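**Q** For the sequence shown, the working numbering assigns the number 22 to the initial residue and increments by one for each residue that follows.
The set of hints was computed from the structure by calculation and includes no laboratory data. Being a predicted model, the structure only gives us computed values, none of them experimental. For every residue, glycine included, the Cβ atom is placed at its ideal position computed from N, Cα and C. Some clues are possibly wrong.
Claimed, not checked - Label pairs and their in silico Cβ distance ranges:
# : residue 1 : residue 2 : range
1 : E60       : K98       : 15 to 23 Å
2 : S73       : S105      : 27 to 35 Å
3 : T83       : S105      : 15 to 23 Å
4 : G40       : G85       : 14 to 22 Å
5 : D94       : S37       : 26 to 34 Å
6 : D61       : E131      : 28 to 36 Å
7 : D61       : T83       : 23 to 31 Å
8 : K98       : D53       : 16 to 24 Å
9 : G117      : G51       : 15 to 23 Å
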Amino acid sequence: MQFLDSIASYSDGYLSVAGQSFKYEKDGFGGDFTITVNEDGSFSYCVGLLSSYIGHGSWKITDGRITLTDHGDLGFKNTFEINSGRLIWLEEESTGFMYMEISDGAVFYEE
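The whole structure should be built from the sequences, with the hints applied where relevant.
**A** What follows is the structure in structure tokens.
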């Protein structure tokens, strides 16, 4: 099913996020906060070097937004607007991240 979602993203013009890594505009938890969006429909993130938690799960693109659904026990779900090589975090559609508080509109830049 995730493969079909990836194919759909071709027609939306947003597949450019697949196979890319994004770095938070500010400092993470003892290092860079990065999100990696894999071409197979999976993703991973680490909020910094001091974090013992590495998030992972699946992603889906709908209407120019990517939603990352964490498959860990805590079930984090975060949605971003895709905008010219940037992911812009949408607080109202997100649960947040382990060990990090970020503000609505926080930007993650393509590495």
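**Q** List, from low to high, the hint numbers that the structure doesn't satisfy.
**A** 6, 7
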